[in-house]
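As they're listed, the protein sequences go chains P and X.
The first sequence begins at 1 in my numbering and counts up by one.
The second sequence begins at 1 in my numbering and counts up by one.
Hints may be right or wrong, so weigh each one.
[Unchecked claim] With a straight-line cut-off of 25 Å between C-alpha atoms, the simulated SDA-like cross-links for lysine to any residue are:
hint	chain 1	residue 1	chain 2	residue 2
1	P	137	X	227
2	X	221	P	22
3	X	365	X	275
4	X	140	P	9
5	X	221	P	107
6	X	7	P	134
7	P	81	X	138
8	X	264	X	222
9	X	353	X	227
10	X	140	P	68
11	P	74	P	94
12	P	137	X	18
13	P	59	X	1
14	P	115	X	1
15	X	140	P	199
16	X	365	X	266
17	X	370	X	268
18	X	140	P	169
19	P	59	X	422
20	P	115	P	134
21	X	18	P	94
22	P	141	X	142
23	X	140	P	184
24	P	107	X	15
25	X	7	P	99
26	P	59	X	424
27	X	370	X	381
28	P	59	X	222
29	X	283	X	267
30	P	74	X	413
31	X	221	P	19
32	P	81	X	423
33	X	18	P	42
34	P	81	X	15
[As the list claims (entries may be wrong)] Here are the simulated distance ranges between beta carbons:
hint	chain 1	residue 1	chain 2	residue 2	range
35	X	148	P	43	56 to 62 Å
36	P	78	X	398	42 to 48 Å
37	X	390	P	115	38 to 44 Å
Bear in mind the hints are in silico, worked out from the structure with no lab data behind them.
Backbone N, C-alpha and C define an ideal beta-carbon position, used for all residues, glycine too.
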Amino acid sequence: MISQEIVLEAKDLSKRYEDGQLALDHIHLTLRRGQIYSLLGANGAGKTTTINLFLDFLKPTTGQAFVCGIDVEKEPLEAKKHLAFVSENVMLYGNFTARQNLEFFAKLGGRSLTKEEVYSLLRRVSLQEKAFEQRVKSFSKGMRQKVGLAIAIAKDSDVILLDEPTSGLDPKAAEEFQVILKELRAEGKGILMSTHDIFRAQEVADKVGIMKEGRLVLERSREELYEEDLVKIYLDYMGSPCSMGERGGRA
Amino acid sequence: MIAPLVKKEILSNLLSYKFIVVFLMTILLTALSMGIMYRDFDARYADYMLIRPGAGDLIALTPPNPFSVLARGLDESIGRSYEINIHDIVVRSGQKSNNLIFRFFPTPDLLYTVQVVLSLAALLFGFDQVCREREQGTLKLLLSHSVSRGELLLSKWVGNFLTLVLPFLTVFLLALLLLQLDPRFSLSWEGWLRLGLMLFLFLLYVALFLSLGILVSTLAKRAATSLVILLFLWAALVFLLPNLTTLAARQMVEVPSVRGLSEKRQQIWTREILLGIREFDPKAGQQGVASSWRRHFDVVNHEQDAMEEEYRHRFGRLVSVAKSLNRLSPVASFVYGVNAVAGTGIEEESRYKEEVLRYKNRVYKGLMDKSMLGKEASFSAFHYRYRSLGETFREGLWFDLFWLALFTFLFVVASAVAFLRYDVR
Numbered sequence: 001m002i003s004q005e006i007v008l009e010a011k012d013l014s015k016r017y018e019d020g021q022l023a024l025d026h027i028h029l030t031l032r033r034g035q036i037y038s039l040l041g042a043n044g045a046g047k048t049t050t051i052n053l054f055l056d057f058l059k060p061t062t063g064q065a066f067v068c069g070i071d072v073e074k075e076p077l078e079a080k081k082h083l084a085f086v087s088e089n090v091m092l093y094g095n096f097t098a099r100q101n102l103e104f105f106a107k108l109g110g111r112s113l114t115k116e117e118v119y120s121l122l123r124r125v126s127l128q129e130k131a132f133e134q135r136v137k138s139f140s141k142g143m144r145q146k147v148g149l150a151i152a153i154a155k156d157s158d159v160i161l162l163d164e165p166t167s168g169l170d171p172k173a174a175e176e177f178q179v180i181l182k183e184l185r186a187e188g189k190g191i192l193m194s195t196h197d198i199f200r201a202q203e204v205a206d207k208v209g210i211m212k213e214g215r216l217v218l219e220r221s222r223e224e225l226y227e228e229d230l231v232k233i234y235l236d237y238m239g240s241p242c243s244m245g246e247r248g249g250r251a
Numbered sequence: 001m002i003a004p005l006v007k008k009e010i011l012s013n014l015l016s017y018k019f020i021v022v023f024l025m026t027i028l029l030t031a032l033s034m035g036i037m038y039r040d041f042d043a044r045y046a047d048y049m050l051i052r053p054g055a056g057d058l059i060a061l062t063p064p065n066p067f068s069v070l071a072r073g074l075d076e077s078i079g080r081s082y083e084i085n086i087h088d089i090v091v092r093s094g095q096k097s098n099n100l101i102f103r104f105f106p107t108p109d110l111l112y113t114v115q116v117v118l119s120l121a122a123l124l125f126g127f128d129q130v131c132r133e134r135e136q137g138t139l140k141l142l143l144s145h146s147v148s149r150g151e152l153l154l155s156k157w158v159g160n161f162l163t164l165v166l167p168f169l170t171v172f173l174l175a176l177l178l179l180q181l182d183p184r185f186s187l188s189w190e191g192w193l194r195l196g197l198m199l200f201l202f203l204l205y206v207a208l209f210l211s212l213g214i215l216v217s218t219l220a221k222r223a224a225t226s227l228v229i230l231l232f233l234w235a236a237l238v239f240l241l242p243n244l245t246t247l248a249a250r251q252m253v254e255v256p257s258v259r260g261l262s263e264k265r266q267q268i269w270t271r272e273i274l275l276g277i278r279e280f281d282p283k284a285g286q287q288g289v290a291s292s293w294r295r296h297f298d299v300v301n302h303e304q305d306a307m308e309e310e311y312r313h314r315f316g317r318l319v320s321v322a323k324s325l326n327r328l329s330p331v332a333s334f335v336y337g338v339n340a341v342a343g344t345g346i347e348e349e350s351r352y353k354e355e356v357l358r359y360k361n362r363v364y365k366g367l368m369d370k371s372m373l374g375k376e377a378s379f380s381a382f383h384y385r386y387r388s389l390g391e392t393f394r395e396g397l398w399f400d401l402f403w404l405a406l407f408t409f410l411f412v413v414a415s416a417v418a419f420l421r422y423d424v425r
């Protein structure tokens, strides 16, 4: 039985850039252990900014970001011990092999892996065996994403942040990715994933949030989505001026 | 946490083409430089053995400095032979290098190799350390781990520094061991201390340029921009600033030409000889004639010494102004520091000339006493003692060391500040 503790929390989180642009506007969100939270929204809606604030790549203008109860701004290194991150386009050290990359990042995450453990992780993310000892500069995007996911799994953290991880992947690779996400959820990881893929979000997510112009304009649980058409809701929001609470949205 | 990061930097460098190029270049140039300079030293030593003064020869000459193999500086000038006679010091010859190519290009000693080649190699290692990670996207992945930016920067510094200096150190120490087979290179404890200090200066200099490279890589958004900026800075620091500031110093301080000085000395001599002939009185007796000539020689000696003193004063001022301006570039501090430690610097040359002048005055007094008082004149051979390390340190080396360390420290601190504010997105 997985506990329901909150592993990720945004409290009144805002980000205004130096040029005055408001990237994130007072959002609140929570993610519990064993949950997948999908953030949907158009480009520039604030999905990546939210993730960047949890990673301490940006400092919030107002509000706080918490990882396992740790304030990211106050104790970024401590918070990052509980986080793993997979970006939209995972970039690795091209001169290193997949194994060397995984070994290195696992060490940064505080884990020393044996060669067999490394291979086992790479098998788990369905990387071809012959690629284990190949330099990653020759890897396709899909292969790099797999190694990136293996790095995140190796860290064995409480939370995994995924920034559009399946964008540009072929359907088979995206499907494999989704299977692994479900396994990780079953292991009790909290997963926050930004995506454009509404169908996959609806299929895998326990919670879906729609962002528009820096605001979290709608939040729905899996159960609620059984009764509603997410695609329709999403398209409605994308076409409408930003207004929280309109059309039955609760955020 | 820093150990895996340093290991990654080293491994990453070892697998790159730039390391292979820099590694081969460092090994080849260091070995070549030390080989060439050893042969040059050997030739100059052979010259010295040929012209070294015998018993009773009034010649000031000192053997070539073994450290000139590493930093030749003004050793050729220090090794000139000066013939002392009653009215002047005549420069007879120097331990000139047989290698005429040196006249066209800078001497390819180890100092030059480090000054030009290793500094460039350090920039090649440093220019993309931060911006390339950002460009290729690995910086986000790195910083998504529990790694502080300070640790990341420090690991880059340490990893790249080790990769840069290890090939250099290996070939340098190997060459030193080989030199130890030659008895002319057997060193006292102070000699080893000098060697250690020179090595420290070499490493500090490499650290300076690596820090500069990393600093620019944290300020520039793109690796290509960083490279262009650093190449410009390198040319400015290594060549432009030292040369331009030396020219500026020459405009600021007027020093009479050596040729003019020589002409003036000759004029004084001729004038006093003519006066002496005019005043010649055969009735004055031997003692009287000798006394008259001694008066004229004293005038020559006194005026020439005063001229020399004035020249040396002005030249010293020029050197002082030039060095102060040169030090706008820390490269100048490095060159002055290494030459000072090697005993081939400008202060050493100046001190050598002072010693020659003192020797000349001792010889002059001895000759005069012999002619006037009939004393038996015996002249001890000229012997030059190089400045001790303590004296070298007090007379400017401390400042050059401090200046180099200060620049390095400032570059490191500035890159840390810039990286803390760096937008990793």
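How the hints compare with the structure:
| no. | hint | verdict |
| --- | --- | --- |
| 1 | P:137 x X:227 | holds, 23 Å |
| 2 | X:221 x P:22 | holds, 23 Å |
| 3 | X:365 x X:275 | holds, 22 Å |
| 4 | X:140 x P:9 | holds, 21 Å |
| 5 | X:221 x P:107 | violated, 28 Å |
| 6 | X:7 x P:134 | holds, 20 Å |
| 7 | P:81 x X:138 | holds, 18 Å |
| 8 | X:264 x X:222 | violated, 61 Å |
| 9 | X:353 x X:227 | violated, 45 Å |
| 10 | X:140 x P:68 | holds, 21 Å |
| 11 | P:74 x P:94 | violated, 34 Å |
| 12 | P:137 x X:18 | holds, 17 Å |
| 13 | P:59 x X:1 | holds, 24 Å |
| 14 | P:115 x X:1 | holds, 21 Å |
| 15 | X:140 x P:199 | violated, 28 Å |
| 16 | X:365 x X:266 | holds, 20 Å |
| 17 | X:370 x X:268 | holds, 23 Å |
| 18 | X:140 x P:169 | holds, 21 Å |
| 19 | P:59 x X:422 | holds, 12 Å |
| 20 | P:115 x P:134 | holds, 15 Å |
| 21 | X:18 x P:94 | holds, 15 Å |
| 22 | P:141 x X:142 | holds, 19 Å |
| 23 | X:140 x P:184 | holds, 22 Å |
| 24 | P:107 x X:15 | holds, 20 Å |
| 25 | X:7 x P:99 | holds, 15 Å |
| 26 | P:59 x X:424 | holds, 12 Å |
| 27 | X:370 x X:381 | holds, 18 Å |
| 28 | P:59 x X:222 | holds, 23 Å |
| 29 | X:283 x X:267 | violated, 29 Å |
| 30 | P:74 x X:413 | holds, 23 Å |
| 31 | X:221 x P:19 | holds, 18 Å |
| 32 | P:81 x X:423 | holds, 21 Å |
| 33 | X:18 x P:42 | violated, 42 Å |
| 34 | P:81 x X:15 | violated, 30 Å |
| 35 | X:148 x P:43: 56 to 62 Å | violated, 32 Å |
| 36 | P:78 x X:398: 42 to 48 Å | holds, 44 Å |
| 37 | X:390 x P:115: 38 to 44 Å | violated, 57 Å |
Violated hints, listed in ascending order, are 5, 8, 9, 11, 15, 29, 33, 34, 35, 37; each of the other numbered hints is respected by the structure.
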